[in-house]
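Enquirer: In order, the protein sequence lines correspond to chains A and B. Its first residue numbered 1, the first sequence is counted upward by one per residue in the UniProt record's numbering. Its first residue numbered 1, the second sequence is counted upward by one per residue in the UniProt record's numbering.
Everything labelled a hint here was simulated from the structure, so no lab data went into it. Check the hints yourself; a few may be wrong.
[As the list claims (entries may be wrong)] Listed below are several chain A residues computed to face chain B (Cβ distance under 8 Å; list not exhaustive): (1) 47; (2) 51; (3) 82.
[Stated by the list, open to error] Derived lysine-lysine pairs resembling BS3-like cross-links, with alpha carbons at most 27 Å apart: (4) B:392 <-> B:227; (5) A:42 <-> B:227; (6) A:37 <-> A:100; (7) B:392 <-> A:100; (8) A:100 <-> B:114.
Computed from a predicted model, the values in this text were never measured in an experiment. All C-beta atoms, glycine included, are put in the ideal place defined by N, C-alpha and C.
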Amino acid sequence: MFSSLFKKLGGGDDTAAASSAPVAAPAAVRSELPLVKALGGKSNIRSATHIAYTRVRIELINPALLDVIALRQTGVSGFCTIAPGVYHLIIGVDAGLLAKELE
Amino acid sequence: MTSSSSQLQLLAPISGVMFPIEQVPDPVFAQKMVGDGISIDPTSNVLCAPLTGKVTQLHSSKHAVTVTAANGVEVLMHIGLDTVMMKGNGFTALVKEGDIVDAGQPLIEFEMDKVAMKAVSLLTQIVITNGELVSSYQPATGLVIAGKDVALTLTLAEGVETVAAASIGGEAWSDPVRIPNPTGLHARPAAVLSNAAKTYKSDVKLVRQGEEANAKSVVAIMGLEVKNGDEIRVRAHGPDAQDAVKALVDLLNSGCGEDVGAIPVPKHKPAPLDTIKPAKAKPKSDNPNVLTGVSASPGLAVGNVFQIKLEEIQVAEQGENQQVERRRLDEALKEAHVELEALKSEISDASKAEIFAAHQELLQDPDLLDIAIAAISNGKSAGFAWREAYTKHAELLSKLKNEVLAGRANDLRDVGRRVLRLITGTKEAELQVPNNAILIAEELTPSDTASMDRTKVLGFCTTGGGATSHVAILARSLGIPAICGIDEDVLALANGTPVILDGSKGTLRKNPSDAEIADIVERQAKLASKRAQEMAAAFEDAVTKDGHQVEVVANIGGLEDAQESVKLGGEGVGLLRSEFLYLERTDAPTEDEQTQIYGDIARALGNDRTLVVRTLDVGGDKPLPYLPMPVEENPFLGVRGVRLCLEEPEILHTQVRAILRAAGDVKLAIMFPMITSLEEVREVKRIVAEEKAALGISNDVQVGIMVEVPATAVMAEQFAREVDFFSIGTNDLTQYTLAMDRGHPKLAKQADAMHPGVLNLINMTVKGAHAHGKWVGVCGGIASDPMAVPLLLGIGVDELSVSVPTIPAIKALVRTLSKAECEKLAAEVLQLGTAAEVRERLSRLID
Numbered sequence: 001m002f003s004s005l006f007k008k009l010g011g012g013d014d015t016a017a018a019s020s021a022p023v024a025a026p027a028a029v030r031s032e033l034p035l036v037k038a039l040g041g042k043s044n045i046r047s048a049t050h051i052a053y054t055r056v057r058i059e060l061i062n063p064a065l066l067d068v069i070a071l072r073q074t075g076v077s078g079f080c081t082i083a084p085g086v087y088h089l090i091i092g093v094d095a096g097l098l099a100k101e102l103e
Numbered sequence: 001m002t003s004s005s006s007q008l009q010l011l012a013p014i015s016g017v018m019f020p021i022e023q024v025p026d027p028v029f030a031q032k033m034v035g036d037g038i039s040i041d042p043t044s045n046v047l048c049a050p051l052t053g054k055v056t057q058l059h060s061s062k063h064a065v066t067v068t069a070a071n072g073v074e075v076l077m078h079i080g081l082d083t084v085m086m087k088g089n090g091f092t093a094l095v096k097e098g099d100i101v102d103a104g105q106p107l108i109e110f111e112m113d114k115v116a117m118k119a120v121s122l123l124t125q126i127v128i129t130n131g132e133l134v135s136s137y138q139p140a141t142g143l144v145i146a147g148k149d150v151a152l153t154l155t156l157a158e159g160v161e162t163v164a165a166a167s168i169g170g171e172a173w174s175d176p177v178r179i180p181n182p183t184g185l186h187a188r189p190a191a192v193l194s195n196a197a198k199t200y201k202s203d204v205k206l207v208r209q210g211e212e213a214n215a216k217s218v219v220a221i222m223g224l225e226v227k228n229g230d231e232i233r234v235r236a237h238g239p240d241a242q243d244a245v246k247a248l249v250d251l252l253n254s255g256c257g258e259d260v261g262a263i264p265v266p267k268h269k270p271a272p273l274d275t276i277k278p279a280k281a282k283p284k285s286d287n288p289n290v291l292t293g294v295s296a297s298p299g300l301a302v303g304n305v306f307q308i309k310l311e312e313i314q315v316a317e318q319g320e321n322q323q324v325e326r327r328r329l330d331e332a333l334k335e336a337h338v339e340l341e342a343l344k345s346e347i348s349d350a351s352k353a354e355i356f357a358a359h360q361e362l363l364q365d366p367d368l369l370d371i372a373i374a375a376i377s378n379g380k381s382a383g384f385a386w387r388e389a390y391t392k393h394a395e396l397l398s399k400l401k402n403e404v405l406a407g408r409a410n411d412l413r414d415v416g417r418r419v420l421r422l423i424t425g426t427k428e429a430e431l432q433v434p435n436n437a438i439l440i441a442e443e444l445t446p447s448d449t450a451s452m453d454r455t456k457v458l459g460f461c462t463t464g465g466g467a468t469s470h471v472a473i474l475a476r477s478l479g480i481p482a483i484c485g486i487d488e489d490v491l492a493l494a495n496g497t498p499v500i501l502d503g504s505k506g507t508l509r510k511n512p513s514d515a516e517i518a519d520i521v522e523r524q525a526k527l528a529s530k531r532a533q534e535m536a537a538a539f540e541d542a543v544t545k546d547g548h549q550v551e552v553v554a555n556i557g558g559l560e561d562a563q564e565s566v567k568l569g570g571e572g573v574g575l576l577r578s579e580f581l582y583l584e585r586t587d588a589p590t591e592d593e594q595t596q597i598y599g600d601i602a603r604a605l606g607n608d609r610t611l612v613v614r615t616l617d618v619g620g621d622k623p624l625p626y627l628p629m630p631v632e633e634n635p636f637l638g639v640r641g642v643r644l645c646l647e648e649p650e651i652l653h654t655q656v657r658a659i660l661r662a663a664g665d666v667k668l669a670i671m672f673p674m675i676t677s678l679e680e681v682r683e684v685k686r687i688v689a690e691e692k693a694a695l696g697i698s699n700d701v702q703v704g705i706m707v708e709v710p711a712t713a714v715m716a717e718q719f720a721r722e723v724d725f726f727s728i729g730t731n732d733l734t735q736y737t738l739a740m741d742r743g744h745p746k747l748a749k750q751a752d753a754m755h756p757g758v759l760n761l762i763n764m765t766v767k768g769a770h771a772h773g774k775w776v777g778v779c780g781g782i783a784s785d786p787m788a789v790p791l792l793l794g795i796g797v798d799e800l801s802v803s804v805p806t807i808p809a810i811k812a813l814v815r816t817l818s819k820a821e822c823e824k825l826a827a828e829v830l831q832l833g834t835a836a837e838v839r840e841r842l843s844r845l846i847d
């Protein structure tokens with residue numbers, strides 16, 4: 001049930017097991033990506049770390065720029081607010097790839 | 001969470017995103033080595049129970065827990081992967097192994113960020129470890145919300161049941177039961193429940209979300225402070241666990257039927273005490289000679305201080321050997337029981353004897369005994385152990401918010417001391433009370449006062465207690481003044497100190513001057529002789545100087561009041577408040593029950609007196625468990641009085657039938673409260689006529705109405721065409737006319753029946769009634785107020801229904817008046833503008 005956030009960038013996929021839910025090919029990560037916009041722009045992202053296998057831990061410089069509704073609309077499965085400016089985005093098995101793109 | 005015949009639904013234990021378990025990066029779960037199930041990527045950080053069951057395992061690192069369902073299905077929940085490495089850091093357990101938990105109940109809380117950054121993953125697996133009980137798994141997909149969405153549906157293997165009253169190996173527990181009792185599990189239902197629980201061999205407990213109480217202990221049940229609407233589960237362990245659970249669940253559901261149980265139910269409940277106000281904050285007095293407290297019983301007394309101190313009973317801490325101490329305790333308990341039995345038989349009043357029956361109950365409380373026995377096993381003496389036990393429990397009880405339950409703490413201390421005296425062989429200090437004694441103490445218990453010479457005591461003062469304490473009740477029944485919650489300095493007064501005790505004001509004046517004492521003694525003598533004169537003439541009619549007779553009857557709340565009123569010269573009953581039959585029970589009184597009581601009252605009054613029964617007058621402010629009443633924003637402006645009875649006609653028909661059957665030879669009248677329309681009048685008249693015909697009664701039965709709302713007073717003439725009489729309830733009339741809550745802290749003083757607005761409505765009522773030859777009585781507070789009586793007479797009121805103790809005085813007052821003069825007075829007063837002016841004018845008359 002993972003919505004398409006980004007294309008699998010060729011090879012090197014560490015999840016070997018066959019998935020029961022097919023994952024659609026992700027779109028290329030660019031600044032104009034709705035996800036990045038929802039986070040308030042690339043410059044607003046202080047850090048993006050891949051943690052806990054399925055998550056990207058985001059730290060934003062200005063939390064007020066976060067648009068939660070837009071964020072949910074990009075298809076992020078789950079979203080947790082840890083503290084103002086600190087969030088977990090539940091992405092799924094491709095979380096690591098997204099984190100790299102957002103750094 | 002319901003399950004159909006062979007399915008079991010698991011609620012999501014945590015909110016989050018469903019994740020295919022086969023993709024979990026840990027072969028133990030992905031390859032279902034531990035069991036099959038689901039995985040959730042959490043968006044919430046509290047793991048909750050997915051179903052109702054028992055916590056059969058809780059890992060010491062608090063990252064994994066197993067809940068076993070009633071039918072044996074074991075649900076293992078494992079938060080994250082490799083989280084065991086964290087050794088509990090970041091995890092908080094909210095339950096322990098062995099707890100029974102409800103679906104949705106929180107089990108473990110964890111710090112999301114900390115764990116996410118340290119562990120391999122937060123993915124939380126929910127798997128069935130005994131999969132042989134399951135034939136198929138249907139996981140949910142997408143997002144789930146903890147405690148709300150079903151995350152996994154199991155189809156159970158053949159032969160696996162879903163049981164309602166769960167039981168596993170000698171252990172049984174029930175689903176949550178909602179407590180129906182309006183005041184929760186107070187002393188009576190607690191006693192009923194514990195008596196039932198004691199008949200089973202198993203250990204039985206009452207459980208409420210984490211708290212437990214021994215169901216065989218009244219004190220423990222009361223300590224749980226179960227309120228109306230609370231959800232309680234019954235849990236038992238032992239050979240007859242399932243039976244115990246079922247029986248107690250049935251009892252709880254039925255409200256622990258107050259008729260069942262060992263404690264005797266007094267036949268006639270006491271009338272509501274409307275003369276004593278609830279305890280207010282104690283004002284400290286400025287005058288060093290005056291000590292203040294709460295008025296507990298009205299009146300004035302001049303006497304000498306006599307201090308009652310509870311002597312400290314000495315106990316050795318170390319016991320001899322355990323058997324000896326055990327025997328000492330057992331024998332003392334037996335002897336105490338015998339003493340209490342003797343006390344019970346000495347006291348003729350059933351409700352007072354009940355106190356000692358309650359003491360006997362307390363002596364059999366298993367929790368109390370357990371603590372004492374445990375202490376003895378630890379080498380303590382019987383006295384020390386017992387004192388530990390009852391003082392601990394009394395402290396627990398006295399901390400409870402419910403005043404009535406907290407009052408039981410004193411009962412416990414009282415009977416505890418009795419046993420302690422027996423253990424130590426201390427003689428009960430004989431209360432040698434001198435003459436004219438004003439008893440001072442911290443607390444006075446029923447045991448203290450049971451053997452006291454009542455003729456020597458003129459009043460009580462205690463530093464503890466309040467308007468509902470034993471001392472207050474005793475003082476009122478003896479007709480002597482009392483103060484509770486008085487300044488502690490009172491305990492320092494020397495025996496013999498002369499004092500003036502003003503029970504009505506709540507003051508104790510020490511060292512009064514001789515002149516002051518003489519003045520009071522003279523006043524008391526005058527009062528006493530006045531009372532004696534009034535009493536001597538009490539059985540004569542109340543006829544004014546110019547030959548007009550006024551009927552003086554009583555407001556009563558039960559049989560005792562009726563009998564008392566006859567002794568004081570009452571000419572009948574102008575208001576029988578029938579609520580005492582309906583309150584504090586879980587089912588409506590039966591027709592036979594009511595017929596019996598109305599009949600007893602009618603017989604107490606006899607042939608020439610009238611009995612006016614007011615039908616049930618309750619509303620949303622005092623809900624009855626068997627009369628469903630929706631919550632109202634304004635219960636005093638809502639469905640109450642006759643409105644409620646017309647909505648529940650069964651209750652009204654039953655009451656009317658019972659009244660008619662009981663009438664006998666007394667002159668009977670039925671009165672309906674809170675009447676506001678002629679439609680209501682016609683309906684109640686129809687009901688009375690119907691029941692009269694059905695019972696074949698040909699006697700005359702008057703049908704009247706309470707006048708409590710302005711509309712009825714204003715339209716008195718129209719109402720007078722269709723009813724036989726009016727009775728004006730001036731307390732409520734004042735409330736509704738001035739739109740003031742008479743209990744309002746700020747407005748209560750202004751809610752005055754002497755307000756010309758109210759007085760003129762009374763006048764309209766009388767004029768309207770007399771226009772059609774119907775009589776009017778007044779049953780509200782002003783009928784008993786000597787200041788108002790001339791005015792009421794002048795307006796033309798035919799009957800005064802007064803509080804029982806004032807009957808002789810009111811009759812005597814009428815005899816001093818002239819109707820003609822009262823009429824002039826009334827004409828004058830009705831023109832005045834304010835309540836203050838009215839009071840001023842009327843007070844001139846008294847002088």
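Enquirer: Run every hint past the structure and note whether it holds.
Expert: Evaluation of the provided hints:
Against a cut-off of 8 Å between C-beta atoms, the interface hint on residue 47 (chain A) is violated, since the closest Cβ of chain B lies about 12 Å away. Nearest Cβ of chain B to the Cβ of residue 51 (chain A): about 5 Å, under the 8 Å cut. The hint holds. A least Cβ separation of about 5 Å between residue 82 (chain A) and chain B falls short of the 8 Å threshold, and the interface hint therefore holds. Straight-line distance between C-alpha atoms of residue 392 (chain B) and residue 227 (chain B) comes to about 23 Å, which keeps the hinted pair within the 27 Å bound.
Between residue 42 (chain A) and residue 227 (chain B) the CA atoms are separated by roughly 56 Å; this puts the pair beyond 27 Å, and the hint is violated. Between residue 37 (chain A) and residue 100 (chain A) the alpha-carbon distance is near 17 Å, which keeps this suggested pair within the 27 Å criterion. Taken as a hint, the residue 392 (chain B) and residue 100 (chain A) pair is broken in the structure, with Cα atoms around 64 Å apart against an allowance of 27 Å. Taking the CA atoms of residue 100 (chain A) and residue 114 (chain B), the gap is about 21 Å. The hint holds against a cut of 27 Å.
The earlier numbered hints that this structure contradicts are 1, 5, 7.
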